[in-house]
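**Q** If you want the building blocks of each chain, they are given just below.
Protein chains: 2
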Amino acid sequence: MSTHVRIVGAGLIGTSLGIALSHNGFRVSLDDPSPTAVRLARDLRAGEIAGDSVGAPDVVVVAAPPDVAARVVVDALDRWPDAVVTDVASVKESVLRVVLDSGADASRYVGSHPMAGRERSGAAAARGDLFDGRAWVVVPHEGSTDAAVRRVREVALAVGSAVRVMPAHEHDEAVAAVSHVPQLAASIVAACLRELPESAVGLAGQGLRDVTRIAASDPRLWTQILAGNAPAVRDVLRLVREQVDDVVSALDSLVDADGDGALGTLSRVLEAGNLGHARIPGKHGAAPAAYEVVSVVVPDEPGALARLLTDVGEAGINLEDLHLEHGLGQAVGVAEISVVPASVEPLRTELARLGWRVHD
Amino acid sequence: MSTHVRIVGAGLIGTSLGIALSHNGFRVSLDDPSPTAVRLARDLRAGEIAGDSVGAPDVVVVAAPPDVAARVVVDALDRWPDAVVTDVASVKESVLRVVLDSGADASRYVGSHPMAGRERSGAAAARGDLFDGRAWVVVPHEGSTDAAVRRVREVALAVGSAVRVMPAHEHDEAVAAVSHVPQLAASIVAACLRELPESAVGLAGQGLRDVTRIAASDPRLWTQILAGNAPAVRDVLRLVREQVDDVVSALDSLVDADGDGALGTLSRVLEAGNLGHARIPGKHGAAPAAYEVVSVVVPDEPGALARLLTDVGEAGINLEDLHLEHGLGQAVGVAEISVVPASVEPLRTELARLGWRVHD
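So the sequence lines, in the order shown, correspond to chains B and P. Under UniProt numbering, the first residue of the first sequence is numbered 1, with each subsequent residue one higher. Under UniProt numbering, the first residue of the second sequence is numbered 1, with each subsequent residue one higher.
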């Protein structure tokens, strides 16, 4: 019999999960205080509406807002004494503490954090491939049973996620740096645009758009997330403040004093940014620095790129990544082929032999 | 006779400009201290290499690094007594001051700032549509002649930019908020990743990627830009610091004290971010080329991508751009194929028919 997953909360995450699990042969029942939300989720093929007849679930996934998630987990543990219960809240330590303090059977609780989302919320924004290829952090605690951990992994793997297992405090420290402080930075940079003259915001380019994209996120949701992870977010934000202070001092010195050492400070902050940026994983979680790029001029004609990639393949060289530089109105583009360093020279030689224009 | 534009500096901006102007019927000559750079620019069809025989230009565009731009402008004004001279440096007041103080004929100088760029530099990253739909700020001073302003507008319009005219100080204040402080924020957020455990950076998602994309920018270039605009950048960065201070205090209060008012502070910062973000113009004036993306799952095996591109070509559809997304720990990647909107449905249908997994 197929696994029965009860999803509590028919928002973006709950509905997307329902669609993906239903599609993969799970039986899904949907529960939400809003009858409209749950009906919309059902219409999107996220599962059936949970009623008296659906029976006991094997797994309960709590996809409720962060400030009520812990309470809903405890209720589910009490209501379904044989079910494994997980939640998808973005902060794990605070949920775990409530569950452990509740007296409920916490051995069946394992936290989750699928690293997937959108700036938009609600069932209407749901998509069945939301978790495909994303990390899903599984957060057991000391009392979690192996069977419970296996059940939660099964759900994550079924929707195409890559499972990462880590304890709650480690998770919370990680997301403070890779998610919560970036959110604050985006919001704060965007907030500085409020009073600008129209002519000034008209100069916005892609850099600003990217830095501030997530500044459009829901303030209620994010207030809960930040408050729920206050200690870890504060630690990272203090690092941010130190750097902002250093840069303000350097600029002060350039404006008001002799500028001594100021360029060094600016350069150090920017270089530190390069180094931090380089740590963000590329293909298959590997560091992008492990590859080198060979640039090849590609005529803008049908089949040219396919021919190039065929030549790369026939040279016996594994293409690790590819980026195409190619513009409107250009009769040529540049294909940037990432390969392991040992393949750079053989690839350059072989492509040049075949008549491709290879650039440094 | 077509307008002769001499471009000094065969980097990203100079080469992209050469490609776009050449394509639009201008005569372009290229000058750069690096013979490699200028040859690559020529190979990319950015223009001819400037030699003794090219003759006097009508317009000189100085696309040299910011710390030498002013000096190169003065040299060009002296060397070509009939040419209009502009530069593309990101900070305008400091260049203007040097030109005015030099004793050169400043009436033929009009500053420029095309609001286009990439986190990558050099001729290899050039593209002919770099300026298409972007703002190009034209920065006359009190002594600029109308004829000189018209010449610079002509260049900007020819490459598809939307011309904005404003004085140097207004330009510099605007870019502090929409470009220079966002760069610092991206670098500082990325810098906080340097010391994280591997498991933590492994949780990076699209939000972090977007916020920190420009943290990969060239530190030497950006040190010059920030130092060149120190007063205006400092003013905006002080606003950032006030907000960071407010959030750190709110988090302190949640961790160590009664949390009184803390949620209100967090919510206010996030809402201010929503409001600022909403002011960023949409497609008006800054539209990237109007392509749509079709996402196709590609097995991570030799030749798969070449096969896909062969299928695209045989479907008679012109691929405008291509980006590869690799899933975390997965044996598949996602190829994002950019095509004109009218080709989206035919391409999806044909690829699905051939057995490719096409995503929404």
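Certain hints may be false.
Pairwise CB distance ranges (calculated) [claimed, not checked]:
1. P:SER34 / B:ALA124: 45 to 55 angstroms
2. P:GLU242 / B:HIS169: 53 to 63 angstroms
3. P:ARG150 / B:ASN318: 51 to 61 angstroms
Note that these hints are calculated values from the structure, not bench results. Even glycine gets a Cβ: it sits at the ideal position worked out from N, Cα and C.
**Q** A separate judgement is required for each hint: does it hold in the structure or not?
**A** So, going through the hints one by one against the coordinates:
About 53 angstroms separates the C-beta atoms of SER34 (chain P) and ALA124 (chain B), a value consistent with the hinted range of 45 to 55 angstroms. Against the hinted window of 53 to 63 angstroms, the Cβ-Cβ separation of GLU242 (chain P) and HIS169 (chain B) comes to about 31 angstroms, which falls outside the hint. A C-beta distance of roughly 54 angstroms is found between ARG150 (chain P) and ASN318 (chain B), which places it inside the suggested range of 51 to 61 angstroms.
The structure fails to meet hint 2 from the earlier list, while all remaining hints are met.
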